[in-house]
Structure formats: structure tokens, C-alpha cells
Amino acid sequence: MHIANGIVNAQVSAVFAVMAVVALALCVARGRADLDDRLAPMAGLVAAFIFAVQMLNFQVLPGVSGHLLGGTLAVMLVGPWVGALCVSTVLIIQCLLFADGGLTALGLNITNMAVIGTAAGYLLVAGLLRVLPKTPTGLAVTGFIASVIGVVIASQGFVLQYWLGGTTDLSMPTIAGTMAGVHTLIGVGEGLITATTVATVARVRPDLVFALRRFRTRPGSTAGVTPAMRSAT
Amino acid sequence: MGAGHAHPLHLDRESLVHRLPPQVKILAVLLYTIIVVVTPRDEFLAFAGYALLVVVAAALARVPAGWLAKRATIELPFVLLAVALPFAGHGERVTWLGMSLSVDGLYGAWNIFAKGTLGVLASLLLAATTTARDLLLGLDRLRCPRVFTQIATFMLRYMDILAEDARRMRIARLSRGYDPRFLWQVKAFAVSVGALFLRAFERGERVYLAMLSRGYTGRLPALEGGGATTAQWAASAALPIAAACIGVAAVLR
Chain A
2 MHIANGIVNA QVSAVFAVMA VVALALCVAR GRADLDDRLA PMAGLVAAFI FAVQMLNFQV
62 LPGVSGHLLG GTLAVMLVGP WVGALCVSTV LIIQCLLFAD GGLTALGLNI TNMAVIGTAA
122 GYLLVAGLLR VLPKTPTGLA VTGFIASVIG VVIASQGFVL QYWLGGTTDL SMPTIAGTMA
182 GVHTLIGVGE GLITATTVAT VARVRPDLVF ALRRFRTRPG STAGVTPAMR SAT
Chain B
2 MGAGHAHPLH LDRESLVHRL PPQVKILAVL LYTIIVVVTP RDEFLAFAGY ALLVVVAAAL
62 ARVPAGWLAK RATIELPFVL LAVALPFAGH GERVTWLGMS LSVDGLYGAW NIFAKGTLGV
122 LASLLLAATT TARDLLLGLD RLRCPRVFTQ IATFMLRYMD ILAEDARRMR IARLSRGYDP
182 RFLWQVKAFA VSVGALFLRA FERGERVYLA MLSRGYTGRL PALEGGGATT AQWAASAALP
242 IAAACIGVAA VLR
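Line by line, the protein sequences give chains A and B.
Start counting the first sequence at 2; every next residue gets the next number (the numbering used here).
Start counting the second sequence at 2; every next residue gets the next number (the numbering used here).
Mixed in with the good hints there might be a few duds.
Residues from chain A shown here face chain B by an in silico Cβ test under 8 Å; the list is partial [said to hold, decoys possible]:
no.	residue
1	Val23
2	Leu40
3	Ala44
4	Gly45
5	Ala48
6	Phe50
7	Thr90
8	Leu97
9	Arg131
10	Gly190
11	Thr197
To give an idea of the chain B side of the interface with chain A (calculated C-beta under 8 Å), a few residues [said to hold, decoys possible]:
no.	residue
12	Leu10
13	Leu12
14	Leu17
15	Val57
16	Leu136
17	Ile152
18	Phe190
19	Gly195
20	Phe202
21	Gly216
It is worth saying that the hints were derived from the structure and are not from the lab.
C-beta: ideal position from N, C-alpha, C; glycine also.
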């Protein structure tokens, strides 16, 4: 879903660049408090994992390339603020080191994939976990549903941007339909990867799942101590 | 991990552009791309001038044209989208070789092709002449928030860990007699993706705790003073300034 230079005009790109900067500044302010000993390496790994899965560009239709977004996975493992930062780090590095996605379209790409994708994923995860059981299976189902819907919502971000400032006049319903259709398929693939990854992590190291933090009922104040440190003492 | 963190697009050469500090290169490429994108799409001469600038920069960086052309194929999906535009576009139409093409669509296709290609070539030149470590250092010197550079630093290191662990797990499967063909390999990968994630995390966590106990504060120590000299700023400013002159000259003409 990377947008190249010149697909959306400069004015709209600039507006979305400002929006992306504001949203990321908020994430930096809120995320700094979350980034403790356990979350810092996890954020790096989540970013690396998202980078790796985004390298698989499945070409679903000629001319429309799509790939996994990873926003929901990031939300469940590192929370919404750091999650959005992880996805945008991936996008910035891809743009600078791999020439993937245009430099002037970075604001558009960050808005779609890091802000809209992660926010939708977070709201869905938070809502679903109120009703679903907080078990590995419940998390897997949550991850699957949130991924499918989150990816489709993020893809409509491109439709909105193209409607506002597309450089060529195309029929909007066609674009919206194509993007939604392709990204439903991508969402299913992403849902499966998110579900298996989160379920495995929840089974073996439930302390690492950010989405379970609020529901933790652990006696005492062992919150800041990682298992590795505990086993060392 | 002793091989340094050279990424696949890095081209290890000794050149004027390779020696420039990373922060000035990042700014130069950013400004150049912005100038290219804001140029009106019917200023064909200006785009020829921009292309010439990329050729000169590539020659100065001693990056071969074939190398650039091969890597620029990353842009192909966008070019395919552009080819569809003259057929799908609205408005006034022209007939060419018996096909009815939309004028707006033709301009749109040219717009995406020209701006996309120039942007990709500029980014490729930046990637070819800058290592991953230098790029992060450059972003840090451009006052990029610490959280970003921290996540990016770990990300680049964990990518090696993920790739290595995936390779080890594949060898372990093969040595136990598991050798499926084609698509059936996907099944083993899908089942083991969670295990791969955990293994990589626990390896990374050990490394991180070791770093913390050796005084890591969230920022890697900079090796040298690292500020760019005025001459270096001037050298890299040549690219965006030349592009701006071309753009302004073309619009005013």
C-alpha cells in the first residue's frame, strides 16, 4: 500500500504530512512512558518482524500491490503508542534505505498504515477483549478479526487521499472497491500471522502481551522486573 | 554480526558522495524530491534537467547505471498502475494507434512515471552511499526523537537475528527428515512463525540486558565529533539548489 511520489498532489501530501507529524508527536510523548526494559527490545523486534512481513508484496491484481501492515500485531504486543511508532519507523527506513514509498508521500503512508491502521486495530482489540476470553485462543480470535477490519479501514485512507488530491481523474467507487477487496484478502493473511504469533507468545510468555496488561492480577509489585532478571536473582 | 550492518542496497565504494556526512545527504535528497514533486507535470524540460542531475550525482558517487536500473525495478507495480491510467481516465480523449486514450490519463501516467522514477533514483543513491548505521546517526543529528532512533537501531539488528534464527530452524527441520516441496513449506513456516518470534525475542532480550548492564542509555555512543563542515553542506546543497534553479527557470519561461 506504499504510495509513490506524484500519485497524490503536493498540497494534500503536505496536509497529511503535518497530520502525521502531530500524531507521531503525541505517540512519542505517550509512548516514552511505556518504553521500559521489557518493551524496548520488544518494540525493536516487532518493527523487524513487520519489516520482514512487509517484504512479501503479494500482487493481488495487476497494478495494485498489497502487503501485510502489521498494525494489529504491534498494538497487541507493544500497545497503541509504541505500536504506531514501530510501524512508522519501518516506513521511514523502507523509504530511506530501500526506496520503497515516496519521500514526499511519507506523510500519506504514515497516516494510512501507522496512524489509521494502528488506531483501528487498537479500538477493535480493546473492544473485542471486553467480550472475548483473555486466553491464548481468545487473543488469537481478537487478533484475526481486528487485523482483517483494521487493514481494510487503513486501505480506505488511501481512497480518501486520492479523492482529495489524486493527480488523475479516476472513478472513485472503482478505486474504493478494488482497495477494499484486495485488502480483505491481505487482511485474512495478516490475521492468520497475527493470530498464530500472539497466541504463541501468550502461551509461553504472557507477560510480554501488552493487550493483557490491564487484566493482569498479579500480587506484589513485580511489574518492572523481567523474568530474565528474576531468574538471575 | 561482525560484518557490520550493511543493507542489501549499500554499495561499498570510495567516493565523494560516500564520504559526505549522512545528515547532509538525507536533507539534500528530501529537498530534491520535494522540488521534483511540486513541479507542474507539463514542464517536460525541467524533468529532463532533474534526470541529468541524478546522472551527475550517480557519476560522482561512482554508482554504475546498470546497478541503479536493476534496483529501480522496485517501482514496477506503480508503473503498471500508470499504464492503466490513459485507458481508465476521464475527460477529453485522443486516438493513438486505434486506441482511445484520455489526455488527462496520459498526463497522469507521465506524472507518476517521471516523479516516481526520479524519487526512487534519488533514494537509491542515498541508500547506495550510506550504511544503515550512518543513516541512523544522521537522523539522530537531525534531531529525530530518540524513541525513533532507538526502535530503528534495534530493528536493524533484530532483522539479522530473525533471518539467522529462521535459517537455523529450517536446517533443524531438514536434518530431521522434513523436506516438503513448493507450497507445503508454507505450512511448516506458518506453524513455526510464533516460535521464531519468541526465539528471536529471547535472544534479543538477553543482548539488551547485557547492553543495559554495560551502561547503554538508549543511545549508541557517537564515534567522532560528526558535525558537517560548511564545505560539506555546500557540496550537498548543490543538488537541491540546482534542481530549484531548473524548476524556477522552467516555470518562468
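Quick rundown of the hints versus the structure:
no.: 1; hint: Val23; in the structure: violated (13 Å)
no.: 2; hint: Leu40; in the structure: violated (10 Å)
no.: 3; hint: Ala44; in the structure: holds (5 Å)
no.: 4; hint: Gly45; in the structure: holds (2 Å)
no.: 5; hint: Ala48; in the structure: holds (4 Å)
no.: 6; hint: Phe50; in the structure: holds (6 Å)
no.: 7; hint: Thr90; in the structure: holds (5 Å)
no.: 8; hint: Leu97; in the structure: holds (6 Å)
no.: 9; hint: Arg131; in the structure: violated (25 Å)
no.: 10; hint: Gly190; in the structure: violated (10 Å)
no.: 11; hint: Thr197; in the structure: holds (5 Å)
no.: 12; hint: Leu10; in the structure: holds (6 Å)
no.: 13; hint: Leu12; in the structure: violated (12 Å)
no.: 14; hint: Leu17; in the structure: violated (20 Å)
no.: 15; hint: Val57; in the structure: violated (19 Å)
no.: 16; hint: Leu136; in the structure: holds (6 Å)
no.: 17; hint: Ile152; in the structure: holds (5 Å)
no.: 18; hint: Phe190; in the structure: violated (10 Å)
no.: 19; hint: Gly195; in the structure: holds (3 Å)
no.: 20; hint: Phe202; in the structure: holds (5 Å)
no.: 21; hint: Gly216; in the structure: violated (14 Å)
In this structure, the earlier hints numbered 1, 2, 9, 10, 13, 14, 15, 18 and 21 are contradicted, and the remaining ones agree with it.
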